[in-house]
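Student: With chain A fixed as given, assemble chain B onto it according to the hints.
Keeping their order, the protein sequence lines are chains A and B. Just so we're on the same page, my numbering is the position in the first sequence counted from 1, plus 11. Just so we're on the same page, my numbering is the position in the second sequence counted from 1, plus 233.
Among these hints, one or two may not hold up.
As the list claims (entries may be wrong) - DSS-like cross-link-like pairs, simulated, lysine-lysine; straight-line CA separation at most 30 Å:
| hint | chain 1 | residue 1 | chain 2 | residue 2 |
| --- | --- | --- | --- | --- |
| 1 | B | 274 | A | 67 |
| 2 | A | 88 | B | 274 |
| 3 | A | 88 | A | 60 |
| 4 | B | 288 | B | 299 |
| 5 | B | 253 | B | 288 |
| 6 | B | 299 | B | 247 |
| 7 | A | 71 | B | 274 |
| 8 | B | 288 | B | 247 |
| 9 | B | 274 | B | 247 |
| 10 | B | 297 | B | 253 |
| 11 | A | 60 | B | 274 |
| 12 | B | 299 | B | 274 |
To be clear, the hints were calculated from the coordinates, so they are not data collected in a lab. Since the structure is predicted, the reported quantities are computational estimates derived from the model, not experimental observations.
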Amino acid sequence: GDSVTQMEGPVTLSEEAFLTINCTYTATGYPSLFWYVQYPGEGLQLLLKATKADDKGSNKGFEATYRKETTSFHLEKGSVQVSDSAVYFCASSDNYGQNFVFGPGTRLSVLP
Amino acid sequence: GAVVSQHPSRVICKSGTSVKIECRSLDFQATTMFWYRQFPKQSLMLMATSNEGSKATYEQGVEKDKFLINHASLTLSTLTVTSAHPEDSSFYICSARDRLGARYEQYFGPGTRLTVT
Numbered sequence: 012g013d014s015v016t017q018m019e020g021p022v023t024l025s026e027e028a029f030l031t032i033n034c035t036y037t038a039t040g041y042p043s044l045f046w047y048v049q050y051p052g053e054g055l056q057l058l059l060k061a062t063k064a065d066d067k068g069s070n071k072g073f074e075a076t077y078r079k080e081t082t083s084f085h086l087e088k089g090s091v092q093v094s095d096s097a098v099y100f101c102a103s104s105d106n107y108g109q110n111f112v113f114g115p116g117t118r119l120s121v122l123p
Numbered sequence: 234g235a236v237v238s239q240h241p242s243r244v245i246c247k248s249g250t251s252v253k254i255e256c257r258s259l260d261f262q263a264t265t266m267f268w269y270r271q272f273p274k275q276s277l278m279l280m281a282t283s284n285e286g287s288k289a290t291y292e293q294g295v296e297k298d299k300f301l302i303n304h305a306s307l308t309l310s311t312l313t314v315t316s317a318h319p320e321d322s323s324f325y326i327c328s329a330r331d332r333l334g335a336r337y338e339q340y341f342g343p344g345t346r347l348t349v350t
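Next comes chain A alone, as it looks inside the complex (with noise of 0.2 Å):
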């Protein structure tokens, strides 16, 4: 069946280091693929997505590159904040808006 695996971390940078949370997936055809941050104590708020091969979603500095060669979508951000402090989930589906796989999340801790 479909899946996605993430570094689990836990990921301590300090403030305004650069970021990469790896992701890869399986599936069958071609999903869409996101990430999802969930703060503490908070739901699942989504990051950025990306529905076909080498699209780029982005959002408040963050980008992710949809890529069908090496089946991944690895999480970048140039400059960490400690306020991005949360676990970031990867996640991929069908294009029919079900079968959502989730990895299992990796906690990221910035120090100021």
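Tutor: Here is chain B on its own, set in the frame of chain A:
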């Protein structure tokens, strides 16, 4: 954008009682909604798919008689945890599916934290 709400956001109940959690799509109609469960420091696991006007489809290992799902309208699905026990304590998240042109998108609610004492 599409908004999904959940009520309550937090609930504490005594062991043996039942708890109902509501999931609403606020500005769109959702023929399909989903219920997920998240244990502390873990990822989301799909519990069931709720289709308006028909019986829910449960994932393997999820007790349908314990987690009752009702999707009686195009904007409301409810999850009732019957005879709750401490091991049912968890974060429950719903989502609703909306159609955007030729594609579908899932929108997630803010979650409900259930604590069973």
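Student: Hint by hint, say whether it matches the structure.
Tutor: Right, here's what the structure says about each hint:
Annotation: proposed proximity of residue 274/B to residue 67/A holds, straight-line Cα distance about 28 Å (limit 30 Å). For the suggested pair residue 88/A and residue 274/B, the alpha carbons sit about 23 Å apart, so the restraint of at most 30 Å is met. Restraint check: the Cα-Cα separation between residue 88/A and residue 60/A comes to about 15 Å, which is no more than 30 Å; the hinted pair holds. The hinted pair formed by residue 288/B and residue 299/B meets the criterion: a straight-line CA distance of about 14 Å does not exceed 30 Å.
Restraint check for residue 253/B and residue 288/B: the C-alpha separation of about 17 Å stays at or below 30 Å, so the hint holds. Restraint check: the Cα-Cα separation between residue 299/B and residue 247/B comes to about 16 Å, which is no more than 30 Å; the hinted pair holds. Simply put, residue 71/A and residue 274/B have alpha-carbon atoms about 24 Å apart, close enough for the 30 Å limit, and the pair holds. For a cut-off of 30 Å, the pair hint linking residue 288/B to residue 247/B stands: about 28 Å separates their Cα positions.
Proposed proximity of residue 274/B and residue 247/B is supported: the alpha carbons are some 24 Å apart, at most 30 Å. With a CA separation close to 14 Å, the supplied pair residue 297/B and residue 253/B stays within the 30 Å bound. The suggested pairing of residue 60/A with residue 274/B holds, with an alpha-carbon distance near 23 Å, which does not exceed 30 Å. At roughly 24 Å between alpha-carbon atoms, residue 299/B and residue 274/B fall within 30 Å of each other, so this suggested pair holds.
Hint violations for this structure: none, all hints satisfied.
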